[in-house]
Structures are given as C-alpha cells and as structure tokens.
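Undergrad: Below are the chains, spelled out letter by letter.
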Amino acid sequence: GAVVSQHPSWVICKSGTSVKIECRSLDFQATTMFWYRQFPKQSLMLMATSNEGSKATYEQGVEKDKFLINHASLTLSTLTVTSAHPEDSSFYICSARDRGRGYHNEQFFGPGTRLTVL
Amino acid sequence: GDSVTQMEGPVTLSEEAFLTINCTYTATGYPSLFWYVQYPGEGLQLLLKATKADDKGSNKGFEATYRKETTSFHLEKGSVQVSDSAVYFCALSWTGNTPLVFGKGTRLSVIA
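One line per chain: the protein sequences are A and B, in this order.
Numbering of the first sequence is given in our numbering, commencing with residue 1214 and proceeding in unit increments.
Numbering of the second sequence is given in our numbering, commencing with residue 13 and proceeding in unit increments.
Careful: at least some of the hints might be erroneous.
Result set (DSSO-like, lysine-lysine): computed pairs, CA atoms no more than 27 angstroms apart in a straight line [what the hints assert, rightly or not]: (1) B:K116 x A:K1254; (2) B:K72 x B:K61; (3) B:K64 x B:K116; (4) B:K116 x B:K61; (5) A:K1279 x B:K64; (6) A:K1233 x A:K1277; (7) A:K1254 x A:K1279; (8) B:K116 x B:K80; (9) B:K72 x A:K1254; (10) B:K64 x B:K80; (11) A:K1254 x A:K1233; (12) A:K1254 x B:K64; (13) A:K1277 x A:K1227; (14) B:K68 x B:K80; (15) A:K1277 x B:K116.
No lab work stands behind these hints: they were computed from the structure.
Predicted, not measured: the structure shown is a model, and the values here were computed from it.
Generate the whole structure from the sequences, applying the supplied hints.
TA: This is the structure:
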C-alpha cells in the first residue's frame, strides 16, 4: 500500500511550451501533497504544498505563475510548468501524506519526473 | 528554523564493511525522524523512522536510534552490500500538513 505514481516519468520539450506533471496516490487519500525539485547530486528543494480544494502554498522564490499547481481531488495533484525554459530542466518529485495513517504519518514519494527543456 | 545536518559524502565502502552516516537535527521539541533512500534515477523510499526519543527504527539491516540528548539519528548497517549504493537522506517532520525538512543527502558507493 501507500503507492504514489507520477506521469510522465520523463519529458523532453521545446522552450516556450507548457508541461503538465501528474501525481496520484493510488491506494490512499491524500489531503496534502508536496512538490519538490531536485538538481543533480543535490537535495530536494520544496516548491509548494498542495492542499485538496484550496490554493497551493508556494515557498519563497518559487514563481506561482510559472509553476501552476492544482489539487483537484484527494488522489490527484498536477504541476504545470508554463512557458518552460532550459533552466527549468530538473527532476520533479511529488509526495503525499496519507490522511488515514494517524499522528506521525510519513510522506510517500512518487518516482519522479525528469524534465528536459531544449 | 528547523534543520537537519548530515555528514558530507560521498562515502565509499567495500562490501561487508560497517556503515555509519551521521545525522543531527535542530528543532524546538521532538519531531519524527526519518531516513529515506534514493536509488539512481528514482524517487525517495522510506527506509526507517522513529517517532519519539529512544525509539529505534530498523529495516533491511539498517538501524537508527532517536537520541534526544544529542539530537541525533545516525544510520548504521553492520554489513553493506553493493545494492545499498544510493543516496541517503535524513529528515524530520511534524504532524499535520508540514513538509519534511531534509538534510543534503549522503551518497554511498559500495564496491565489491
């Protein structure tokens, strides 16, 4: 149990296009999902916290108009990179917190999406 | 604010060697503590966790004990294998909808 999927697993796009990444909790409900960005050989950088049915909370320095987050249901959150540029190339990872696992509930991570912008 | 500090890598060990990856945290109170592992090209997997002081988390031969006196959660394994080669992240978390706070990660390479 507690599986999180991401789609696509990798994507290559041209500069100026928009890319949508999906994050799904397959066997549990997630009121909260988190989006991270990871550069090569570095740690995860939290981009935003996504709450079902409300606006995402973005970390300082993350452009909310560039990285659009929608959390439409208890099992799906999407990250759209709008007008992507080469500097947006990165590994994007989502995680979800299982609302049903009690007080000290850990986060479950998706496998990541590698975005390459040409 | 809260923070997690891990030993710098990379760490290179021979197969069957003993592993220790140090992790200390700074926080007000007693958060839950985690070790996550990331294999090449993949997302993070929970390796083990501890939710209160003196708890020991263990999984796949790895262990870590929550030490509030030293605010530490060091990861250990008695005999590493080549398949343990990965990046290991120490993290802390509070309850509710707060995100994990990660250390910078420690890359482990195990050679045969």
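Undergrad: Does each hint fit the structure? Answer for all of them.
TA: Results of checking the hints against the structure:
Simply put, B:K116 and A:K1254 have alpha-carbon atoms about 9 angstroms apart, close enough for the 27 angstroms limit, and the pair holds. The suggested pairing of B:K72 with B:K61 holds, with an alpha-carbon distance near 13 angstroms, which does not exceed 27 angstroms. Under the criterion of a C-alpha separation no larger than 27 angstroms, the hint pairing B:K64 with B:K116 is consistent with the structure, at around 23 angstroms. Distance hint between B:K116 and B:K61 is fulfilled; the C-alpha atoms sit about 18 angstroms from each other, no more than 27 angstroms.
Pair hint A:K1279 plus B:K64 does not hold up; C-alpha atoms about 39 angstroms apart against a cutoff of 27 angstroms. For the hint linking A:K1233 to A:K1277, the alpha-carbon distance of about 14 angstroms falls within 27 angstroms, and the restraint holds. Of the supplied pair hints, the one linking A:K1254 and A:K1279 holds, its CA atoms being roughly 24 angstroms apart against a limit of 27 angstroms. Taken as a hint, the B:K116 and B:K80 pair is honoured in the structure, with Cα atoms around 21 angstroms apart against an allowance of 27 angstroms.
Between B:K72 and A:K1254 the CA atoms are separated by roughly 24 angstroms; this keeps the pair inside 27 angstroms, and the hint holds. As the CA atoms of B:K64 and B:K80 are separated by approximately 9 angstroms, the hinted pair is consistent with the 27 angstroms bound. Distance restraint check for A:K1254 and A:K1233: the Cα-Cα separation of roughly 24 angstroms lies within the 27 angstroms cut-off, and the hinted pair is therefore satisfied. For the proposed pair A:K1254 and B:K64, the alpha carbon gap of about 31 angstroms is over 27 angstroms, so the pair is violated.
Of the pairs offered as hints, the one joining A:K1277 and A:K1227 holds, with about 21 angstroms between alpha carbons and a cut-off of 27 angstroms not exceeded. Between B:K68 and B:K80 the alpha-carbon distance is near 12 angstroms, which keeps this suggested pair within the 27 angstroms criterion. Of the pairs offered as hints, the one joining A:K1277 and B:K116 holds, with about 25 angstroms between alpha carbons and a cut-off of 27 angstroms not exceeded.
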